[in-house]
Structure formats: structure tokens, C-alpha cells
Amino acid sequence: MACSGGGRARAGIPRRLLAAATRAAVALAVAALVAATTTGCSPARDEPPGRSTGGRGGRFVFPLAIEPATLNFVSGTDQASVLVERLVADSLVDHDADLRVVPRLAASWEIAADGRTLTFHLRDGVRFHDGVACTSADVLYTWERIMDPASHAVGRVDAFLPVETVEAPDPLTVRVTYREPYAPALRGWEIPILPAHLYRGADFATAAANRAPVGTGPFRFVSWEAGRRIVLAANPDYWAGPPGLDRFEFAIIPSADTAYQALLAGEVDYARIPQAVAATRAEDPEFRRRFSTVRYVPLFFYYIAWRGDGSNPFFADARVRRALGMAIDRQGYVRSVLHGLGEVVTSPFQALLPPAGDAPTAGAPTAGAMPAAGAAAADAPDPETAATLLDAAGWRRASTGGLRRRNGTPFRFTLLVFAGGEDHVQFSQVAQDNLRRLGIEMTIERLDWQTLWSRLKSGDFQAALSGFMPGPDADSLYGLLHSSQIDGGQNYAAFRDPDTDAWFLAARRTLDDRERRALYRRIENRIVAEQPYAFLFAPAVIAGVNARFAGAKASPQGILGHMPGAFALRPAAGGS
Amino acid sequence: MTGYILRRALVSLPTLLGITLIAFAILNLLPSDPLLTWSDGAGPVSAEATSRLRDALRPDSGPVMRYATWLFNLLRFDFGHSLRDGRPVTAVLTEALPWTLILNLSALIAIYALGLPLGWIGARRRSGTAAAGRALLLFLSVVPPFAAALLMQRLFAVRLGLLPLQGTGAGGAPGPAAAADLLRHMVLPCTCLALAGWAYAARYARAAFRAILAPEAMAAARARGLHGFSLARHFAPNSALPFVWMVAGIVPALVSGSVVIEAIFSWPGLGQVLLRGVEGRDYPLVMALVLLAAITVLAGQLVADLILPAIDPRLRDLVARDENVHG
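Protein chains in written order, with this note's numbering: chain A, 1 to 576; chain B, 1 to 327.
Be a bit skeptical, because a hint or two may be false.
[Unchecked claim] Among the chain A residues that face chain B by a calculated CB cut under 7 Å, a handful are:
#: 1; residue: Asp158
#: 2; residue: Pro162
#: 3; residue: Ser454
#: 4; residue: Ser483
#: 5; residue: Gln485
#: 6; residue: Ala554
[To be verified] Result set (SDA-like, lysine to any residue): computed pairs, CA atoms no more than 25 Å apart in a straight line:
#: 7; chain 1: A; residue 1: Lys457; chain 2: B; residue 2: Val11
#: 8; chain 1: A; residue 1: Lys457; chain 2: B; residue 2: Ser230
#: 9; chain 1: A; residue 1: Lys553; chain 2: A; residue 2: Arg211
#: 10; chain 1: A; residue 1: Lys457; chain 2: A; residue 2: Asp309
#: 11; chain 1: A; residue 1: Lys457; chain 2: B; residue 2: Thr2
#: 12; chain 1: A; residue 1: Lys457; chain 2: B; residue 2: Val278
#: 13; chain 1: A; residue 1: Lys457; chain 2: A; residue 2: Ala502
#: 14; chain 1: A; residue 1: Lys457; chain 2: A; residue 2: Arg570
#: 15; chain 1: A; residue 1: Lys457; chain 2: A; residue 2: Leu447
#: 16; chain 1: A; residue 1: Lys553; chain 2: A; residue 2: Ala112
#: 17; chain 1: A; residue 1: Lys457; chain 2: B; residue 2: Ser61
#: 18; chain 1: A; residue 1: Lys457; chain 2: B; residue 2: Asp55
#: 19; chain 1: A; residue 1: Lys457; chain 2: B; residue 2: Arg203
#: 20; chain 1: A; residue 1: Lys457; chain 2: A; residue 2: Gly439
#: 21; chain 1: A; residue 1: Lys457; chain 2: A; residue 2: Arg446
#: 22; chain 1: A; residue 1: Lys457; chain 2: B; residue 2: Pro63
#: 23; chain 1: A; residue 1: Lys553; chain 2: A; residue 2: Gln79
#: 24; chain 1: A; residue 1: Lys457; chain 2: B; residue 2: Ala207
#: 25; chain 1: A; residue 1: Lys553; chain 2: A; residue 2: Arg570
#: 26; chain 1: A; residue 1: Lys457; chain 2: B; residue 2: Glu279
#: 27; chain 1: A; residue 1: Lys553; chain 2: A; residue 2: Asp309
#: 28; chain 1: A; residue 1: Lys553; chain 2: A; residue 2: Leu64
#: 29; chain 1: A; residue 1: Lys457; chain 2: B; residue 2: Asn28
#: 30; chain 1: A; residue 1: Lys457; chain 2: B; residue 2: Ala135
#: 31; chain 1: A; residue 1: Lys457; chain 2: B; residue 2: Arg314
The hints are simulated quantities; they were obtained by calculation from the structure and are not laboratory data. Heads up, the beta-carbon is just placed ideally off N, CA and C, and yes, glycines get one too.
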């Protein structure tokens with residue numbers, strides 16, 4: 001190769017200059033990278049290139065962390081599927097942002113005096129997106145499919161177990177008969193209605209409509225690009241009028257951080273803001289110019305289940321459970337780790353029952369209401385009382401320190417936690433420290449979700465940190481607290497109290513709101529006294545919405561999880 | 001030669017079988033609940049509803065029988081159905097495979113396209129520029145891919161707005177516009193994947209070029225009157241050898257790295273299918289992926305074993321002797 005001489009000829013000052021220039025470039029590049037990440041949000045362009053802003057309503061992009069499993073309205077019961085189904089399909093009834101029941105496909109309904117019969121009157125003239133009329137036959141068919149175990153309608157079956165018959169006396173009437181009066185009946189019908197004509201004769205599990213759903217909802221299905229996005233377009237013939245947006249797109253974005261960055265970059269129009277930066281963002285004028293924020297506290301709360309069935313020497317004693325619950329610093333966690341963005345939870349009913357002494361006419365629970373029951377008010381950690389309780393229960397600490405013991409048994413137990421959850425792991429470490437000061441050694445065992453779930457189901461644990469997502473009705477806590485749910489349900493603490501069992505069943509049969517709430521108050525007081533679980537906290541969600549859009553309203557189930565939800569989203573006035 | 005290939009393929013079969021057996025055992029011995037797989041862990045489900053659905057979701061047979069069935073169906077190229085959504089595994093994989101291929105191949109090309117010239121320059125002369133370039137690459141290669149990804153997302157997509165942050169583009173009709181859009185979306189994930197490879201390739205190439213372009217060999221060649229193209233022609237086969245081997249060092253790192261990169265950049269490839277499958281204990285899906293990975297590795301070795309003798313006459317003699325002994 002003849003060029004070797006040329007290299008040598010270029011030796012000397014120019015090469016040294018080049019090297020210096022390169023070093024400077026390297027330093028600059030590193031500095032730029034560091035600067036980009038420390039200064040955070042920036043004067044980035046407002047309008048990302050390639051975004052179509054024409055048309056009346058524009059396009060709203062919403063990130064989904066997980067791709068829906070299926071868009072079969074009955075089988076698709078995971079969170080992502082349900083979110084998409086809400087937009088494509090209609091349920092008979094729905095709830096508003098305050099969790100009050102509102103009509104949707106059913107214009108009205110009445111409940112017979114005996115409380116056993118519920119009659120829905122469907123809206124006239126409603127059509128599926130393919131033009132076929134939606135009638136009571138579709139409702140009947142949807143119910144039949146839910147009850148068929150082959151449909152795998154996990155999470156939808158529960159509301160229909162007390163149903164005796166469902167009839168369709170005429171195309172616009174659906175009559176549901178329950179075996180006995182069933183107070184939560186109405187909310188059970190918050191299920192999207194399937195188009196029977198597209199499923200009859202097809203294999204339910206593999207029907208074409210499962211990946212190209214047809215509903216009666218405000219948006220019709222356009223396309224599903226696997227792993228990438230689900231595209232919906234406005235349904236101009238929606239019974240409530242056309243929605244405010246032309247297109248609605250679900251973008252599948254597995255990483256929460258990527259979703260947030262995508263909001264900043266203008267690639268999505270909604271994303272959760274990480275708690276650590278939420279406060280600074282709220283004061284950043286540049287951010288506030290480009291985004292509005294919504295805040296809500298989901299119904300989901302964290303708890304520690306103390307397995308109280310006597311399989312361990314610790315937690316069968318309510319005094320021990322109360323003591324441990326008192327020692328744990330929920331307030332400190334919400335304040336410092338969650339940056340104040342969350343609520344301390346002292347009762348599972350906290351968000352579902354209105355505060356005591358409210359107007360008797362308020363039929364609906366108020367979301368995010370603060371604790372009401374007097375017994376639940378003491379949420380500050382109280383290690384002194386905890387120590388006294390433990391002493392009384394026989395778990396004493398030697399004067400030389402060390403672990404508490406009873407009859408020679410040291411107070412040493414294992415807490416199961418979900419290894420993939422930040423709050424799960426972080427809170428368990430806080431609790432570990434709180435209990436160590438009390439003379440209790442808690443070992444943390446981190447598990448993947450499936451293993452944790454199977455250990456919880458089999459009762460093969462001493463204590464476990466997990467979470468519970470109740471529905472809008474207080475009856476949804478039945479699964480956590482009724483003794484029939486110890487085996488196969490979610491009563492992982494193995495809490496067994498005949499009174500609680502009876503009150504839950506009585507509340508189901510009680511149609512009067514006040515009486516019903518009184519029953520739940522009794523349960524709440526019993527739970528707070530017995531502490532089968534240590535109820536911990538409910539993290540709040542702060543999310544940003546691109547300022548090009550208006551109409552976003554938060555409910556405990558997000559901006560889409562209520563009526564009108566996505567229907568009310570629209571381009572902001574004066575925006576592009 | 002055909003005999004050699006066949007024999008190599010046959011020897012690989014027990015290895016493949018062993019890999020599937022281990023993967024199946026791990027997936028099936030870990031606790032799992034089809035109810036959870038189906039609902040993605042959502043929703044309060046009462047004991048009554050659970051018992052109602054339990055029978056419908058319970059596997060028909062024990063793990064041994066399931067493995068036997070899986071193996072038997074495999075012989076008919078039937079990979080079964082995903083436990084999560086009931087779709088055929090082949091459909092799920094064929095959707096994701098092209099995305100992973102295009103990302104990894106592009107990263108591989110990027111690694112060679114930058115690593116080889118840098119190695120060449122480094123081998124030819126002591127240059128401050130090349131040294132600085134290599135130092136920069138070395139620095140970049142020790143940045144964990146996820147950290148590099150987050151930094152680059154913030155800089156190039158959010159702050160500067162030069163490149164798309166994530167995803168694969170709007171799609172639409174295939175054409176120059178869609179291709180350009182896809183390319184723009186590939187720049188960041190591809191660069192992140194290539195980061196670790198560049199330093200490795202540059203160092204590897206420099207050492208390889210140094211050995212090949214040893215002054216003595218060059219002098220001897222020149223003395224024989226070779227120059228320009230004819231010189232390159234004589235040295236090219238020699239230098240190709242290490243670069244074929246280099247693939248073996250890069251590809252496994254690319255494949256494992258792309259699981260993380262796919263998740264960060266919302267890239268709809270096999271890495272995401274794998275993560276979801278393992279989380280949900282979706283064994284038909286995971287088994288197919290394990291098998292695919294194993295076959296790729298074994299086939300890669302076989303291809304390397306076939307290409308190398310074609311380039312290197314010394315190896316050709318070895319293979320021939322092997323043929324004579326066994327065939």
C-alpha cells in the first residue's frame with residue numbers, strides 16, 4: 001500500500017492539533033450529554049414534525065404499558081384490554097368521575113320493590129359500527145358468554161354469580177332476576193356489550209372480531225399493529241353525538257420513563273409524571289405552558305397481610321397485629337418517598353364510604369375521601385404503644401436488648417414482597433427498619449409476581465406485602481375480608497370473623513343506601529380493631545396532558561376510566 | 001462436504017433437545033397460575049369465580065405429558081398457542097421477528113462500518129485522532145446500554161428534537177417516505193446497541209490488521225512486486241478470517257442487549273415477547289423462542305465452520321481429513 005508514506009508526511013503540528021480538537025470534541029459531547037439530563041425540560045419544539053393537526057378534532061395519543069391480550073369484550077379483562085374496550089364498546093351503565101352510576105347504553109332502569117328484578121330500557125336506534133342494530137339479544141348473548149367458563153372471563157364473572165335469569169322480552173328491554181336482593185347489581189352491568197351477530201357460529205376464542213372489535217362506542221376500531229399501536233377513529237353516529245376527537249391512538253410503550261419522555265417530546269399526549277419531578281414540573285412555566293396536569297388517587301392501596309390462621313406463632317394475636325401496624329411509618333413514606341403524592345390508608349373503606357355525618361341524600365361514595373371512622377384516625381406511628389401492646393401479648397424484650405421473645409421463641413419472621421414493584425420493595429425496607437427498633441427481625445423475601453401469587457393463594461407465608469384494587473362499590477372488599485375467601489379468594493390474612501361475614505351478606509341484601517353504609521361502617525370498625533391487614537398507603541398519580549387538548553378529567557380510574565372520559569377530550573380552543 | 005454438514009446437524013440434535021428440556025422444566029416447575037396469566041394479574045376475583053374458571057383453565061395433563069405433546073407437535077412444526085391470548089405461537093413470533101432482525105442487523109452493520117475503518121487507521125499509524133476516537137468508543141462502551149439510551153433519548157429527542165424518541169414510526173403504505181421514517185426511528189436504538197460493539201470491533205480490528213499488515217509480510221510482498229489491488233487481493237483472505245470470527249463475539253451481546261433496548265425504545269421485537277412470556281409463564285411462547293435462539297447459535301457455529309475452510313486453506317485440509325476418517 002503506497003499510502004503509508006503519506007501518513008508520515010502529515011506528521012507534526014497538524015496531527016497534534018487534530019488530536020487536541022478531537023479531545024475538545026469528546027469533552028464537549030460529554031458535557032452536552034450531562035447538561036441535557038441535568039437541566040431537564042427544554043425549549044423543545046412545540047409541534048413535532050409529521051403530526052397531522054387538520055380536521056375538527058385532531059389525534060390524541062395515549063400510552064399503554066402492556067399490549068391488550070385480546071379485544072374480545074368478554075375475555076379481555078386485563079387492564080389494557082378494558083381501557084380500549086371502554087372506547088370501542090358501550091356498557092349498559094357506567095360511572096362518572098365521582099364513581100356515581102350513570103346511564104350509557106341503557107337509557108333508564110328500574111329495580112322492583114322486592115330488590116330481585118332489575119329492568120333495563122335500552123336506547124332506541126343504537127347501531128354497532130358495522131351498521132347492525134344493537135338490541136337486548138346482544139346483551140343476553142354477552143351475559144351467556146360471560147357465564148361460559150370457556151370464555152375465561154376472569155374478573156367479570158363475580159357480578160353475575162347471584163343472577164338467576166336474564167330475559168329479553170322485547171328488543172329494547174332486558175330483565176335480570178337475582179336469586180335474592182342484590183344491592184351491587186347495577187354496577188355489575190358495567191360490562192361492554194358484544195355484537196352477537198359477529199360471534200355466533202365463530203370460535204369464540206379465535207373470532208376475527210377479537211383483534212378487530214366492533215362495538216357501539218364513541219370510537220370505532222381502525223387498526224391494531226401488533227406490539228406498536230391500536231388506532232381508533234371517531235364514531236360520527238354515536239348516540240350521544242360524535243366525540244370531540246377525530247382519532248384516538250393507543251401507543252404501546254412498555255417503559256414508564258419512555259412514556260414520560262415521549263410526552264415531553266410531543267410523541268404522546270398523556271403520560272404519568274414521575275413523582276420525583278412532579279413538584280418541580282408544576283412550577284416550571286415552560287412545562288405549564290405546554291401541558292396541563294391532572295391528579296388522582298386510584299382506589300388501589302397497599303397492605304401487609306399478617307397470616308393469622310395460627311400457622312405461625314406471631315399473628316393469630318390481634319394485639320401483635322395492632323402493634324406492628326402502629327410501628328410502621330406510613331406518613332413518613334408518603335412524605336419522603338412519594339414526595340407527598342399519595343394518601344395514608346388506615347381503612348380499606350377509606351375511599352369508598354363518604355365521611356361520617358354527610359348529608360343522608362348523598363347516595364354515592366366520594367372518591368379519595370379522608371378517613372372517617374374515629375378509630376382509624378391514628379395514623380401516626382406510635383412505637384411506645386406498640387411496645388406496650390407487644391409486652392402485653394407476651395413478646396418481651398430482655399433488658400439487655402436484642403429480639404423480643406415469647407417462651408423462648410424469638411420474634412423473627414419473613415415478609416414476602418413483589419420484587420418488580422418499586423413501592424413494594426422500598427416500603428418493605430422502611431417497615432423492616434421500623435420493626436427492628438421494636439425488637440423484631442423481619443426478613444424480606446423478594447419474589448416474582450407469579451410466585452408471590454401462588455404463595456399467597458396457598459397460604460404458604462407468614463406476612464406478605466401486596467396491594468388490592470377495590471371496585472367503586474364497598475362490596476368489592478368481600479374478596480379481601482370474608483372468611484369464604486380464605487381458600488381460593490384474596491383473604492390472604494385468613495381473617496375469620498362471623499360478624500363481618502354476616503354484615504357483608506346483609507349489606508348485599510340491603511337496598512337502602514343509609515342502612516347499607518351503616519353495615520359497612522360496622523365492618524370497618526371491626527377491621528380497624530382486629531387489623532388482619534396493616535393498611536398502608538395509596539400513591540397518587542400526577543399526569544401531564546398536552547395543552548393542545550382540553551376536557552381531560554381525572555377520576556380514581558384515570559382520565560379514560562369513567563363516563564364521559566375519552567368522549568369529552570377535544571382540541572383546546574385557540575389551539576391548532 | 002454434505003456428509004460433514006449432516007453429521008454436524010445430527011450432533012446438534014441432542015444439544016437442542018437438552019436445551020428445550022431444561023427450559024421446559026424451569027418454566028413448568030416454577031409456580032404459575034393460568035388465571036393470573038389470563039388476567040395479567042388484574043381484578044378482584046372471588047373464590048367462587050376462581051373455582052368456576054379453574055377447571056376451564058387447568059392444563060389437561062401433567063408436565064411430562066405436556067412436554068411429550070409439545071415435542072410431538074414440534075415434529076409437525078406446530079408450536080402451539082400462546083397461553084395469554086390463545087393465538088398461534090408462530091403468528092406471534094412472525095410479527096416480532098422482522099423487527100428484531102432489522103434492528104440487530106443494522107447494529108451489526110454499524111459496528112463493522114465504524115469499527116473496521118477505525119481499526120485500520122489505528123493499525124496503519126500512530127494517530128492521535130484514531131487514539132482519541134478509540135478512547136471515546138471505549139468510554140461509550142462502558143456506559144450501560146440503558147443509561148446510554150436514556151441519555152440519548154433526553155438529548156436528541158426531547159431537548160434537541162432531532163430524532164424520534166421511541167417507536168417504529170407511523171407505518172402506512174410502504175415507500176420511500178415510510179422507509180425514511182423507519183430509518184429515523186432506528187437511529188437511536190441502533191446506536192445504543194452498537195455502542196458496546198464499536199470499541200470491541202475497533203480494538204479487535206486494529207490487532208487483526210496489525211498482525212496481517214506486519215511490516216515483514218508487507219516488505220516480502222512488495223519485494224515480490226505486489227502493489228495496489230494485487231497486494232490487497234493477497235492479504236484480503238487472511239484478514240477476513242478474524243472478522244468472520246468477530247461476529248461470534250458481537251452477536252450474542254447484541255441479542256441480549258436488544259431485550260433492554262427494545263423495552264426502552266418501544267421496539268416491537270422478540271425481546272418484548274420474551275419478557276412478557278417469561279413473566280406470564282407462557283411456556284409455548286418461551287419454548288419457541290428458546291428453540292429459535294438455540295438453533296440460531298448452533299447454525300451460526302455451523303456456518304462459521306463452513307465459511308472458514310472456504311477462506312483458509314489450512315482449515316480446508318483439516319475438514320478433508322475429518323471426512324476421510326469418518327466418512
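Are the Cα positions of lysine 457 of chain A and serine 61 of chain B separated by 25 Å at most?
The given pair, whose Cα atoms are some 21 Å apart, holds under the 25 Å limit.
Given the hinted pair lysine 457 of chain A and alanine 502 of chain A, is their Cα-Cα distance within 25 Å?
Roughly 24 Å separates the two Cα atoms, so the pair holds.
Take the C-alpha atoms of lysine 553 of chain A and leucine 64 of chain A, compute the straight-line distance between them, and say whether it is at most 25 Å.
Holds, at roughly 18 Å.
With chain B as the partner, please determine if serine 483 of chain A meets the hint condition of a C-beta pair closer than 7 Å.
For serine 483 of chain A, the interface hint is violated, since the closest Cβ of chain B sits about 10 Å away, which is over 7 Å.
Need the status of pair lysine 457 of chain A, glutamate 279 of chain B: alpha-carbon distance at most 25 Å?
holds, 18 Å
Please check whether alanine 554 of chain A passes as an interface residue: C-beta within 7 Å of a C-beta belonging to chain B.
Violated, because the Cβ-Cβ distance from alanine 554 of chain A to chain B comes to roughly 20 Å (cut-off 7 Å).
Pairwise hint evaluation, aspartate 309 of chain A against lysine 553 of chain A, where the allowed Cα distance is 25 Å at most:
violated, 44 Å
Does the alpha-carbon distance linking lysine 457 of chain A and alanine 207 of chain B stay inside the 25 Å limit?
violated, 59 Å
Lysine 457 of chain A and aspartate 55 of chain B were given as a pair; does the straight-line alpha-carbon distance stay at or below 25 Å?
holds, 16 Å
Keeping to a limit of 25 Å between CA atoms, is the pair of lysine 457 of chain A and arginine 314 of chain B held or broken?
violated, 63 Å
Quick check on proline 162 of chain A please, does its C-beta sit within 7 Å of some C-beta on chain B?
Because about 10 Å separates proline 162 of chain A from the closest Cβ in chain B, which is outside the 7 Å limit, the hint is violated.
Is the straight-line distance between the alpha-carbon of lysine 457 of chain A and that of arginine 446 of chain A 25 Å or less?
holds, 17 Å
This entry does not satisfy hints 2, 4, 6, 7, 8, 9, 11, 14, 16, 19, 20, 24, 27, 30, 31, going by the numbered hints stated previously.
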